[in-house]
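Peer 1: In case you want the letters, here they are:
2 protein chains.
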Amino acid sequence: MTKLENISMIKEANVYFDGKVVSRTIFLPNGDRQTLGVMQPGEYTFDTNEAEIMEMMSGELEIRLPGETEFRTLNTPESFNVPANSSFDLKIKTVTDYCCSYIKA
Amino acid sequence: MTKLENISMIKEANVYFDGKVVSRTIFLPNGDRQTLGVMQPGEYTFDTNEAEIMEMMSGELEIRLPGETEFRTLNTPESFNVPANSSFDLKIKTVTDYCCSYIKA
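Going line by line, the protein sequences match chains A and B.
Going by our numbering, the first residue of the first sequence is number -18, and it counts up by one from there.
Going by our numbering, the first residue of the second sequence is number -18, and it counts up by one from there.
These are calculated hints, taken from the structure and not from any lab test.
The C-beta atom is built at its ideal place from N, Cα and C for all residues, glycine as well.
Careful: at least some of the hints might be erroneous.
Only pairs whose alpha carbons sit at most 25 Å apart, straight line, appear in this in silico PhoX-like list of lysine-lysine [as the list claims (entries may be wrong)]:
#1 A/K1 - B/K(-8)
#2 A/K(-8) - A/K85
#3 A/K(-8) - B/K74
#4 B/K85 - B/K(-16)
#5 A/K(-8) - B/K85
Incomplete in silico selection of chain B near chain A, CB under 10 Å [to be verified]:
#6 E(-14)
#7 A(-6)
#8 G40
Derived CB-CB ranges, DEER-like [stated by the list, open to error]:
#9 A/E31 - B/N62: 38 to 46 Å
#10 A/K72 - B/D13: 33 to 41 Å
#11 B/S68 - A/E31: 39 to 47 Å
#12 A/N66 - B/R45: 47 to 55 Å
#13 A/R53 - B/T50: 46 to 54 Å
#14 B/L9 - A/N30: 30 to 38 Å
#15 B/S68 - A/I84: 20 to 28 Å
#16 B/D70 - A/D28: 32 to 40 Å
#17 B/N(-13) - A/A86: 38 to 46 Å
#18 A/P58 - B/L9: 21 to 29 Å
Generate the whole structure from the sequences, applying the supplied hints.
Peer 2: Given below as structure tokens:
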């Protein structure tokens, strides 16, 4: 269990894919933005604006990153990087807990 | 949009009802504990240990509080109190965003 200290948070949830993916936005003491969320089982394509580090904390899922042709299983906890202005695909098998860190350009 | 400042948060999600209800725990600057979560459509019974103030921020739902025989529609945003060591029932119609404040005895 990890405790994040001295952060700020937007109270209202971010809701995507009809609520199958939800998150809340936090700001670390240095101003860095993260979203902590949960994905229900399903298949999703995420578009990125900024580069991201996706930390999948728990859950069973498959991933296909930009430039990859096949899905591969992710063994959580596991992180991956996604370039800015790209997209990646996830097949969520069981409820998945994640933390997304946005990388300033 | 409300921004909560100088809080701490448990990074990992709390997962209930096979992930149909998920939340994260935060601590306000005065130490008060809250959970901010999202409920998928479904019917749920929640048991309380401590007294709670449930703030339903958005979503369509019906509620039956302790001692009530019938469900009634809640018009979000709306809050309600729940006594300690009791239970209440919710029928969630659309994805519902909530904040639960625990009241110290």
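Peer 1: For each hint, tell me whether it holds in the structure or not.
Peer 2: Evaluation of the provided hints:
1. A/K1 - B/K(-8): holds, 20 Å
2. A/K(-8) - A/K85: holds, 23 Å
3. A/K(-8) - B/K74: holds, 21 Å
4. B/K85 - B/K(-16): holds, 23 Å
5. A/K(-8) - B/K85: Distance of about 21 Å is within 25 Å: holds.
6. E(-14): holds, 5 Å
7. A(-6): holds, 4 Å
8. G40: holds, 9 Å
9. A/E31 - B/N62: 38 to 46 Å: With a Cβ separation near 41 Å, A/E31 and B/N62 satisfy 38 to 46 Å, so the hint holds.
10. A/K72 - B/D13: 33 to 41 Å: Holds: the Cβ-Cβ distance is about 39 Å, inside 33 to 41 Å.
11. B/S68 - A/E31: 39 to 47 Å: holds, 43 Å
12. A/N66 - B/R45: 47 to 55 Å: With a Cβ separation near 48 Å, A/N66 and B/R45 satisfy 47 to 55 Å, so the hint holds.
13. A/R53 - B/T50: 46 to 54 Å: Holds, at about 53 Å.
14. B/L9 - A/N30: 30 to 38 Å: holds, 31 Å
15. B/S68 - A/I84: 20 to 28 Å: Given range 20 to 28 Å: violated, Cβ gap about 44 Å.
16. B/D70 - A/D28: 32 to 40 Å: holds, 39 Å
17. B/N(-13) - A/A86: 38 to 46 Å: violated, 28 Å
18. A/P58 - B/L9: 21 to 29 Å: Given about 28 Å between the Cβ atoms, the range holds.
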